[in-house]
Structure formats: C-alpha cells, structure tokens
Amino acid sequence: MTPPRKKKMNLKQRYALMTRGLDWETSYQKMDDVFPYDTFEGIKITDWSKWEDPFRLTMDAYWKYQGEKERKLYAVLDSFAQNNGQLGISDARYVNAIKLFLTGVTPLEYQAHRHFAHLGRHIRGVGPRVAAQMQSLDELRHAQTQIHTISHYNKYFDGFAEFPHMHDRVWYLSVPKSFFDDACSAGPFEFFTAISFAFEYVLTNLLFVPFMSGAAYNGDLATVTFGFSAQSDEARHMTLGIEVIKFMLEQHPDNLPIVQKWVDKWFWRGHKVLGLVAMMMDYMLPKRIMSWKEAWEIYFTQAGGALFEDLSRYGLRVPKYADIATEEAEHISHQNWAIFYQYTQAAGFHTWLPNDEEMGWLSEKYPNTFDKYYRPRFEMWREMEAKGERFYNNALPQLCQTCQIPMGYTEPGDPTKIGFRDSVYKGERYHFCSDGCKDIFDDEPEKFSQAWLPVHQIFQGNCGGADLSDVLKWYHMDQGVDNMDYTGSPDQKQWDAWQAARKKVAG
Amino acid sequence: MSIDIKTMNVEPKRQTFAHVARRLGSDTTASRYEEGVYDLQATTHFHYRPIWGPEYWTFDEGRTAIKMKDWYVFKDPRQFYYGTYTVTRANMHQTTDRNFAFEEKRNMLANIDEAWREMIVRYLIPLRHYEWGANMNACAVSDAGYGTALTSAMIFTTGDRLGIAQILSRIGIALSEGDGELLDQAKQEWMEADAWQGVRKAIEDSLVVKDWFEVLLAQFLVMDGMVYPLVYNHFDTEGQKHGAASLSILCEFMVDWNTEHNRWVDAVVKAAVKESDENRALLSGWYGKWRDIMSEALQPQAAMVLGDGGEAVLNEVCEQLDARASKLGLTL
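Residue numbers (the working numbering), protein chains in the order written: chain L, 1 to 507; chain W, 1 to 332.
These are computed hints drawn from the structure, not numbers from a lab. Mixed in with the good hints, there may be bad ones.
Keeping only pairs whose Cα atoms sit at most 27 Å apart, straight-line, the calculated BS3-like set for lysine-lysine is [claimed, not checked]:
(1) L:Lys504 with W:Lys13
(2) W:Lys13 with L:Lys287
(3) W:Lys187 with L:Lys12
(4) L:Lys30 with W:Lys289
(5) L:Lys44 with W:Lys210
(6) L:Lys473 with W:Lys13
(7) L:Lys64 with W:Lys289
Put together the whole structure using the sequences plus the hints.
Here it is as structure tokens:
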C-alpha cells in the first residue's frame with residue numbers, strides 16, 4: 001500500500017503547532033493570577049503572538065545537539081584528567097584566573113538557571129517562556145560543566161575547594177553576587193534586559209572571550225574545550241537578548257523610557273563587574289591575549305556602537321556614561337590589581353607584581369596611562385618587597401554602596417584623585433565610587449540601601465570576629481595556602497617541583 | 001614483554017571540593033553528580049528583597065511549609081546532572097524517531113479503526129495541554145524550590161514535559177496526515193468538552209498554588225500517578241482491540257519516562273515524609289485533597305474510553321496509587 005500524500009509544513013508552521021499551540025487562555029483561574037509578575041513593571045505587551053521565536057528548537061533536537069556536545073566535552077575532560085593536563089599550562093600563576101572564575105562566575109550560572117526558570121514559568125507569552133526554559137537548562141549546564149572542568153584543578157591547586165561557601169561571604173565576591181541578586185530581585189522584563197540583553201548581548205564577549213582565549217593561550221585545554229562547547233549556547237542566549245529588546249520596543253512606545261533606564265543601569269553595573277575580568281586579562285594571564293583596553297575597543301566601542309546605531313530606529317540611545325566607561329578602560333585593570341595586591345591577605349587567590357617584561361607589555365598597551373600613573377606604584381612596591389617590607393593595607397576599605405567595589409577609582413579626567421559621591425536616604429549617608437553608581441542608587445534607594453556590604457558586616461561583628469584570622473576562618477580561607485602572594489605559596493612550590501621532575505624525566 | 005611507560009607520579013592534594021567532602025564524610029572520590037549538585041545554590045547573605053515578592057529572599061526555605069534540616073537528602077536516584085540527562089534523553093528519543101519513521105513508511109496509523117481514531121483525538125491528543133501544565137508546574141518548582149538537588153531535577157522534568165507534549169503533537173500531526181487540524185480539534189476538546197473540564201480545572205488550580213512542595217506532590221505523584229497508568233496502560237490496552245497497536249509504539253517514550261521519573265518522585269516524597277511527623281501530616285493532607293479532585297476529574301475520561309468498565313479501572317488505578325502512597329509513608 002502506498003502511503004497517502006502528506007501535506008507539507010514548513011519549519012515555522014511545524015514549530016508553531018508543536019510549541020506555540022500548547023498554551024491556552026485559562027478560565028478556571030484568572031490569567032493574571034496564573035501570571036502574577038509580568039505587568040507591574042509597566043512594560044506594555046499588546047500582542048504576545050508577535051514574538052518571533054529566534055531559534056525554533058524542539059525538545060528532541062535540543063536533547064540531541066546538547067547530548068552530543070556533552071559526550072565530546074566529557075571525553076576531553078576525562079582525557080585531560082588522565083594525562084595530567086594541568087602540567088601543560090603556561091605557568092601555575094594562570095590557575096588563579098580560573099579560581100576567580102569558579103568562585104565568582106560559576107555560582108552566577110546557577111543563579112541564572114534559577115531565574116530563567118522563574119521567567120520560564122511566569123512570562124505570559126509561550127514563545128519567550130520556552131526560550132527561558134531552555135536557557136535555564138543551559139545555565140545549569142554551564143554551572144555543572146564548569147565545576148566538572150575545574151574539578152581536576154581543585155585536586156592539585158588551592159583556592160577552589162570552598163567556592164560556594166566563599167561566594168556567599170568573601171568581600172570581593174559580593175561584587176558579582178550582588179550584581180546577580182540585583183537582577184533576580186527585579187521584575188521579569190528588567191531581568192531580561194539586564195541579563196539577556198545588557199550582559200549576554202552587549203557585554204558577554206568581554207567576559208567570555210578573555211577567559212576562554214586566556215585558557216587557549218595558556219594551555220588550559222579543559223577550559224577552552226568547555227568554552228567552545230558553551231559557545232553555541234551563548235549564541236542562542238544572545239539572540240534571545242536582542243529579540244527581547246526589540247519585542248519590548250516594538251510592542252508599545254511607552255516601553256522606551258523604561259527600557260532605556262534599564263539599559264543605562266545594567267550597562268554601568270556590567271562595566272563595574274567586568275573590571276574583575278579586566279584585571280584578570282592584563283595581570284593574571286602569564287601569556288596575554290590582548291589588553292582590556294583593546295578588548296573594550298573591539299567588543300564595546302565598535303560592536304556595541306554598531307548595535308546601538310541599529311537600535312536607534314527604536315529611539316534607544318547609547319547607554320549613559322558609556323564615554324566614562326571607555327575612559328576608564330585605560331585605568332580599571334591597574335586600579336583593581338592594585339587593590340588585590342594590597343589586600344592579598346584576604347584574597348582567595350594569589351597575587352604578584354608584574355615583572356619587567358610584563359610591565360613593558362603594559363606600557364606598550366597603555367601608552368597614555370601605565371608609565372605615568374601605575375608603573376611608579378608597582379616599582380615602589382617592588383622595592384619595598386626587595387627590602388622585606390612588602391606592603392599590606394591593613395585598613396578595611398570603604399565600599400561603594402552600589403557596585404560594592406572598594407572606593408579606589410579615580411575621577412573622570414583626573415587619574416590622581418579618588419572619586420567620591422554620596423546620597424542621603426532616610427537620614428543615612430551612602431557612598432558611591434561614581435556618578436553611574438550614585439544614579440542607580442538614587443533611582444531605587446529602598447533596594448540598594450539593603451545591600452549586604454562585607455566591610456560593614458565585618459565591623460558589625462557578623463563575619464566570624466574582629467581579627468583578620470577570624471574572618472579568614474569564617475571565609476574557610478586557609479591562611480598561607482589559599483591567600484597571599486604566589487611567590488612562596490604551596491601552589492608555586494608544587495609547580496616548581498613538577499617542573500624539576502619533568503626535566504629529570506626528560507633526561 | 002612488558003613495556004615500562006615512563007610517567008611522572010603526580011599526587012593530588014585532595015580528591016574533591018571541601019563542601020562535597022563534608023557531605024561524603026571524608027575527602028574521597030566524588031561522582032560528577034555529587035560535585036555538580038551539592039551546595040551549588042547560595043544560601044545566605046542575599047542583598048535585596050525581590051521587588052516582585054518581598055516576603056521572601058530569592059532562595060528561601062520559607063516558600064514551602066515543608067521543613068528540612070538538609071535539602072540535599074533529595075538525591076536523584078537517577079544521578080542526573082546535565083550531561084547524563086541530555087545523553088539519556090537523546091538516546092530515548094532516537095528510538096522514538098525510529099518508531100515514527102518506521103510507522104510512517106508503512107502507513108501503520110491507517111490501520112486504526114476509524115471510530116478509535118476519533119477517540120484518540122478525544123482522549124490522547126488533548127493531553128499535550130496537560131503536559132504543558134505539568135511543564136509549568138515543574139518549572140515553578142525549579143524556580144521556587146530549595147537546593148540544587150531539587151531544582152536541577154525539576155528543570156530536567158520541565159524539558160521532559162515539553163518534549164512529551166511535542167511527541168503527542170507529532171502523533172496528532174501524523175494522524176491528520178501532516179497538518180494541525182486534529183491538534184485544533186483536540187484543543188477544543190481540552191477547552192470545551194465536558195470530559196476534560198475536571199482535569200483542566202485541576203491543572204489550572206495547581207498553577208496558582210503558592211506552596212511549591214504541594215505543587216510537586218499534586219502534579220508528579222497524584223495527577224501523573226493517575227493519568228499515566230490510566231492513559232498509557234488501560235486506554236492503550238483498549239486501543240489494541242481497535243487496531244491501535246501502532247499507537248502504543250509511539251507512546252513508548254512516555255511509558256519508559258514515567259517509570260524512570262516515578263523513581264525520582266518516590267525518593268523525594270519518601271525523604272520528606274521520613275523527615276518529620278509535621279511533614280507527613282502536610283503531605284498526607286495534600287495527597288488526600290488532590291487524590292479526591294483527580295479521581296473525580298478522571299471519571300468522565302474513564303467512562304468515555306472504557307464505557308461501563310471505566311469506573312472499575314479508575315478505582316483500580318486509585319487503589320494502586322494509594323498503595324504506592326502508603327508505601328512512601330503517607331497516611332491515607
């Protein structure tokens with residue numbers, strides 16, 4: 001028997017039938033009770049069906065592609081472990097970059113899993129809801145594959161073992177944590193704008209490329225394989241980000257000022273968090289890829305410039321203070337590394353001063369600023385080290401109420417003067433590192449006045465005690481092992497022993 | 001001849017992460033499940049109260065009345081982390097794809113009696129909306145739940161239920177020989193037919209339940225615990241009498257999935273009940289409430305498909321679920 005002629009459907013029609021048609025208008029419960037969170041922010045959606053699915057991925061295709069990627073990734077991870085891949089990295093100093101990644105970024109991937117589940121349940125339109133569900137799965141993937149990738153390093157190096165405990169407590173980790181808490185405690189459309197658009201679309205290359213290229217340049221085969229494997233997920237997430245923004249702007253003209261305010265806020269929040277990546281790129285990679293300034297030029301000034309030109313037809317403009325952020329790209333990595341150098345006793349990774357060759361590279365990459373403002377400081381600290389008077393800053397720093405970074409940033413236009421801003425809210429004075437951070441606070445003082453500021457908490461006696469050793473114990477930071485300079489650390493001793501043994505084996 | 005490969009002896013400093021070692025009782029080799037799940041969720045020092053619901057922190061034990069000393073006793077007997085999950089499902093679905101191709105090539109669905117084809121549109125295809133409700137409930141638990149052990153398993157279930165809804169959609173498309181006509185009919189059944197209103201109401205009511213553990217119990221123990229055996233066992237057996245053996249093959253994914261998923265559901269409910277008498281009382285109360293709702297809601301379904309025998313079959317399904325619930329420690 002010959003089968004009857006089948007009617008042909010194109011992919012879009014088929015996807016619509018398989019997915020979009022699943023939803024229904026509830027009648028036993030009010031739609032507003034089933035979806036209680038997607039209206040209060042003031043974003044007006046007149047027609048959810050106008051949502052264009054950026055990737056028409058059915059679940060079976062998702063399982064197939066993702067399962068295949070997982071098979072390949074874990075094969076590489078197994079082989080990396082079996083062959084002691086950690087011996088092949090450029091230098092053990094490199095490992096500190098992935099310590100920062102595991103303690104600072106991986107827990108955020110988990111938070112993203114949770115909050116995309118929140119959107120995957122609570123956004124009224126079925127198209128974005130399914131996209132959010134898949135991203136929730138992806139983010140869990142990223143958290144777990146990062147842990148599995150770095151698991152092998154944890155067996156041989158210090159500073160990884162307590163990553164979730166540290167993420168909830170350590171002073172500088174409150175910077176990325178509060179960034180994500182800020183997004184998750186916002187409404188669903190602000191979260192989409194913050195994470196899917198500002199972070200995943202506008203700024204993601206500034207996180208992803210430095211870490212993954214850094215891994216590639218420094219012989220970290222495991223992390224670079226993870227990076228390649230995650231790349232196609234990231235492409236989907238970026239596509240979702242741009243679709244969300246266009247959708248909001250196309251749905252109603254009243255959405256524009258709300259979206260613009262969020263874009264301004266989240267650009268600035270992202271810029272400050274990425275200062276940690278800037279420092280990693282310029283100071284922590286034994287083999288450097290490019291400078292932060294160059295990365296900023298390519299991925300924000302050029303790519304972001306083209307993006308905002310494209311979005312100008314909706315009335316959206318370049319984020320407020322983008323010019324200030326671009327000016328800061330000349331300074332931020334140097335200022336951040338200087339903070340960590342001074343507070344190495346309370347850092348969960350090792351620090352060091354750039355050597356001559358590295359300072360030469362920094363002079364070349366930062367002709368306007370490095371020799372003039374930062375080289376003298378590092379050279380002075382080097383002299384102090386040589387005299388056995390290594391400089392430690394034993395005073396706890398004042399933190400910015402918004403970004404939670406120690407207030408060490410300088411004024412726009414004057415790199416010799418520390419910037420201070422403040423606002424009074426309900427009789428209390430709050431401090432900020434910049435106009436960008438002050439504006440964010442002033443717009444939502446009730447929210448940002450709640451921040452769990454690590455330094456305040458230490459002073460209030462909530463972090464294990466008054467002495468550094470008490471606080472380190474409370475952080476689960478092993479004194480003299482996880483913290484302090486690379487030189488003299490157990491990591492260094494072990495690395496040097498491996499190098500010596502390899503020479504012997506090589507004969 | 002033995003070859004001596006010269007290697008360097010490189011000794012690890014530790015076998016696993018410190019938080020994992022604390023859970024295992026010592027620093028010993030941990031599985032990828034354990035490293036990928038244990039203590040991944042932040043537990044303290046959240047910065048801001050959610051503006052969409054300031055009564056709780058982002059992750060907050062208070063979002064359910066169930067109390068646990070340790071939320072990581074809810075270990076997944078399947079040991080699913082993302083990698084094992086996706087590979088398992090990809091393999092399962094490969095079989096489903098082959099079955100669809102096999103049947104399409106031989107036009108096997110055409111062997112189903114005409115009257116039974118209509119019955120399939122009335123009893124089976126509308127379940128794609130039931131699955132969508134279950135997808136939302138799984139996602140709600142992944143959102144509001146506490147601890148990675150539960151939230152990771154529930155986002156996997158979220159994907160599963162979307163996948164199953166799409167398999168049902170494919171069956172509907174195959175039955176309508178390539179278009180969505182039968183899907184529209186089935187949606188109308190879901191929205192308007194008397195036989196479906198009890199189930200649709202139960203699903204919609206579950207979507208507004210605030211306590212996520214009640215949602216978990218209602219959807220995955222009670223509703224699924226009745227719908228799956230009734231539909232994929234009893235209704236399917238009835239279908240065999242009407243030439244629908246080909247349909248059974250296309251539903252095999254759901255049968256296998258349900259057997260596997262029940263292992264997880266049972267482990268979770270059992271662990272929560274075992275924790276305290278308060279938990280047992282709460283869970284037993286929810287069980288009784290949703291069992292009564294569902295046993296009534298499914299009566300017209302059973303009667304529609306099985307006729308006079310429907311009532312007895314539904315009773316049998318309920319009794320079996322009660323027996324399962326008792327075994328998990330619930331008080332009936």
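A quick look at each hint next to the structure:
no.	hint	verdict
1	L:Lys504 with W:Lys13	holds (22 Å)
2	W:Lys13 with L:Lys287	holds (26 Å)
3	W:Lys187 with L:Lys12	holds (20 Å)
4	L:Lys30 with W:Lys289	holds (22 Å)
5	L:Lys44 with W:Lys210	holds (26 Å)
6	L:Lys473 with W:Lys13	holds (20 Å)
7	L:Lys64 with W:Lys289	violated (39 Å)
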